[in-house]
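Start from the sequences and build out the full structure, keeping to the hints where you can.
Below are the chains, spelled out letter by letter.
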Amino acid sequence: MRRLLLKIHDRFISLYIIIAFFVLWEVAPKIGWADPNFVPPFSRIVAEARKLTFLRLFIEASVSLKRIFIGFTAASIVALPVGFILGGAFPKLEKFLKALLKFLSQIPPFILFPVFVVVFGIGEKGIYTVIFWSAFWPVMFTTVAGVQGVDPLLIKSARSMGANNITIFFKVIIPGALLSIFTGMKTAMTMSFMMLIGAETLGADSGLGWLIHNSQSMGFIPRIYLAVILIAGIGLAVNYTIQWLEENIIIWKEAGHDKAI
Amino acid sequence: MIKQYSYSKLARENGETLRTFNTDAVKNFFKKINSFLYGSIAIILFFLSWEAASNYDLLPSSVVPPPTRVIAALAVSFKSGELVYHMKISLFRAMLGFLLAAFISIPMGFLLGTFFKTFERALLPFLRMLEKLNPFALFPVFMILFGIGNVEKIAIIFWVAQWPLLFNTIAGTRSIETNMIKAARSMGANKKVLFFKVILPAAVPGIFTGVKISAQVSFFMIIASEMAGSSQGLGWYYLSSSQSYQVPLMYGIILFITVLSVIINLLFTRLEKHFLVWKESSFQSN
Amino acid sequence: MTIQNKIKFVVIAVVALILTLSISIGAYLGRTKVGSPSELYSLKDNDAVPAANSSEDDKNLIPIRTYTRKNCTSTPILVADVKGFFKEEGLKLVFTGELKSTEILPSVLNGNNDFAETHPNALATYVAGGAPIKAIGRAIIEPGPEVDPKFRHMRWFVRADSGIKTWEDLKNYKKGEKINHNGLAPSCTTFIASTIFDKYGIGRDRLNFINFDTDQAALQALQQGNLDVACVHPPFYKLAEESGLTLIGDSSDSGLGEAAGLYLYYFTEKFIKEKPDIVHRFARAMQKAQVWANSNPDEAAKITADFIGSNGNASHWYATSTVIDEEQVKPWINDLIINGKLKEGQIEISDLITHQFEVR
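Residue numbers (the working numbering), protein chains in the order written: chain A, 1 to 261; chain B, 1 to 286; chain C, 1 to 360.
No wet-lab data here; the hints were simulated from the structure. The reader is advised that the hints may include incorrect statements.
[As the list claims (entries may be wrong)] Under 10 Å between C-beta atoms, here's a sample of chain C residues computed to sit facing chain A: (1) S24; (2) K100; (3) T214.
[Said to hold, decoys possible] Subject to a maximum C-alpha distance of 20 Å in a straight line, what follows is the list of computed EDC-like cross-link-like pairs (lysine to aspartate or glutamate): (4) C/K6 - A/E247; (5) C/K171 - C/D198; (6) A/K51 - C/D306; (7) C/K343 - B/E82; (8) A/K51 - A/E26; (9) A/K102 - B/E272; (10) A/K7 - B/E120; (11) C/K199 - C/E327; (12) C/K178 - B/E82; (13) B/K32 - A/E94; (14) C/K6 - A/E246; (15) B/K31 - A/E94; (16) C/K8 - A/E246; (17) C/K341 - B/E82; (18) C/K174 - C/D161; (19) C/K341 - C/D351; (20) C/K273 - C/E358; (21) C/K8 - A/E247; (22) C/K238 - C/D306; (23) C/K100 - A/E124; (24) C/K270 - B/D57.
[Said to hold, decoys possible] Here are some of the chain C residues that sit facing chain B, going by a computed Cβ distance under 10 Å: (25) S101; (26) G130; (27) N180; (28) N211; (29) G225.
Because the structure is a prediction, the values reported are computed rather than measured. All C-beta atoms in this analysis are idealised placements derived from N, C-alpha and C, irrespective of residue type, glycine included.
Written out as structure tokens, the structure reads:
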């Protein structure tokens, strides 16, 4: 019995703090540690969620997710081939473009908003472009790094076994670069979610980022917190999904190789 | 290397007055300039095509002005001192927030990574959750808690800068092979020696990766946070120039911010590489 | 793959499919609605849909596009749509989605939107920066003293405990230091505030303008002590009063008369050249709507509130004739010259406005 309890306790240890946090959030405004007008107790946020109806929230979340996925997928579709080509096929070109690309990637996306609006127009196109821009650079750079990081010995031995370029590409390079690529994708996802809030000011009237702006200008403070929590939660879920995909696809990763948390 | 040694040694032995030239160093220097120039060609081409596109109206020049006008506007702003003024403010805020985060998060990371394992297991998911909170969305919260002005901006930078530092420090301390710790212990090392001579050096590469990411994030965020609740700083300067529709200046500020960002990136990458030296060798032995 | 792995795979594939489907449906339902306010009206489950346009005649109407506004500037446009003034002129209003203030001009320049409005000082900087636009008529103006003060363009509030009751009190407040005020130059807030400060002897150089995204954020900052004075527009008058803030003055104190509220509609020069007929119709429709809004302020406010979804009850005061009096534009330009944003003689009024579409 005792061992079972200990086991449960072990599993839940990480949850304790989270629960404590939410309890604190509920209590603090009520006992005056925080101004309830500006930091509403957690129960009010839940009530607001119920008022907005789960359906409405689901719709807003879906819109935001759709935008992220389209932007992210478009970015990957362009960045992966570009990364492979630059990393593997044309190393000279990569050296040539490297400085320029690094330079462009450092431009903060939110600063480019007016430029995007002018060139791509408002509405969905503008939003997709922002997400595309944010996601493109991490994926491309990590793909290049991944391809370049493949042990040349592996390539040489594959060639000595008579493999042609295509086989080498699919059986040596892609698996070798995959780890790096997945890291890049996780970063790209994080950046996309970060930029989502700003992006949804470019001519939208729906979405979680829009909800934050709208609630801010209307003064519906509980909604702000609600939207923030939702975005964080969904972002976390998407990240875990990618992590799970990575663990299941890269089954050859040596145990203990990757000590990052 | 051998060539250099023998050349200068020979020269000295023969009593020749050498112009103290290290041929290899010179060669390296030229190589670096070469690759620098090679890389800049693309950038120069980019600016040239931008100039052409704007001047020949492929891009409407009232909306996307040619780089010559942009740089001219930037130069005017520089001469008047405005640009430097705002840059100093932004950099000051970012640096302070970053240093504060470093002083707190790196020791925290060590503590959590080495001595308080259970505590760390309890806190980590929670901290991860906090990290994922979108900092943009937290701006209004920070404004409520800290007001506006330097304190609030530094608080925002502190918040975003601490996560990479914390997590990378923890990862750095965890990446030590247990064999090394066991070996040190078996040689009679106490906790203090263990920490300073084994754990710390092994964690340093991880820490500096965190430092690099943190520095970049700090600069990124200070610009973003200065776009609301501000009356100075590069972010505000950008907004003000866009509000008064001074388009060349606006693009100039974009360029300036990008260049600063690149410089920070280069500096800290260099720093990271410098400390990565012994990580490389242990990695290969894996 | 073992059987277990296969089952796992299938289950996950099905879950993923369901998720994708539901997200797609949700996204479709939530897509940005582009349409006329009356259409958007009925989508908002509002049973008090006034005499809305029926969709059959709509086919013959020419669309005229602008960004979706969820603030007080939307009133005459909403009125023109809901009360059928646009329809009378053969136009159909189309809202294309919300934008941040820095994105409005680009959206007009690249044709996403046909018109927008702005104050004369912003207009001057746009034109000086090379934007090919022209103002064609007046929208909002400052009402005269005979009209209820609640229609005035802006009001200034301070905290109740600051001890400030009038403009004169500000002269000695925080002597030697800057006074924190919301706003980002050039805008109506910064222009009128500077004018008032000069007029009452406080001096515009004591003003430190801090940028906020919304009036409401500015009120919050004021309450927390981060601002000394906050200037807000009509939808927030009620909120400011209910928060216990003290009113110390409004835009009429600037002594500029009607000019204190001057807000102008603008189109691109290309649009004006290619479709002057539509601009004429637009001007006529807006004039009728503005006259109506001035005569029926409560109903106009209700229409606005219903669309925005708030219970704000405030409106602006509108020009009953869209004629642009150049004298009213001059103070806005002069302010820019004083602040060094424009050089003397850099802009002529004729660069900014055209009288050809005015409706008396």
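Subject >> C/K341 paired with B/E82 [C-alpha distance capped at 20 Å] >> reply: holds (14 Å)
Subject >> Satisfaction of hint between A/E124 and C/K100, Cα-Cα up to 20 Å >> reply: The hint holds at about 15 Å.
Subject >> Hint status (Cβ of C/S101 to nearest Cβ of chain B, threshold 10 Å) >> reply: holds (8 Å)
Original post:
Are C/K341 and C/D351 close enough, with their CA atoms no more than 20 Å apart?
Top reply: holds (17 Å)
Original post:
Is the interface hint for C/G130 satisfied, with its Cβ closer than 10 Å to some Cβ of chain B?
Top reply: It holds, given that the least Cβ distance between C/G130 and chain B is near 3 Å, below 10 Å.
Original post:
Can the restraint linking A/K102 and B/E272 be considered satisfied, given a maximum Cα separation of 20 Å?
Top reply: holds (17 Å)
Original post:
Is the hinted pair C/K8 and A/E246 satisfied, with a Cα-Cα distance of at most 20 Å?
Top reply: holds (16 Å)
Subject >> Proposed interface contact between C/N180 and chain B, which counts if any beta carbon pair is under 10 Å >> reply: Interface hint status for C/N180: holds (8 Å vs cutoff 10 Å).
Original post:
Within a Cα-Cα threshold of 20 Å, do C/K8 and A/E247 meet the stated pairing?
Top reply: holds (15 Å)
**OP:** With a cut-off of 20 Å on the C-alpha distance, tell me whether C/K171 and C/D198 pass.
**Re:** holds (11 Å)
Original post:
Taking only the CA atoms, is the gap from B/K31 to A/E94 under or equal to 20 Å?
Top reply: Roughly 17 Å separates the two Cα atoms, so the pair holds.
Original post:
Is A/K51 close enough to C/D306, meaning Cα to Cα at most 20 Å?
Top reply: holds (18 Å)
Checked against the numbered hints above, the structure violates none of them.
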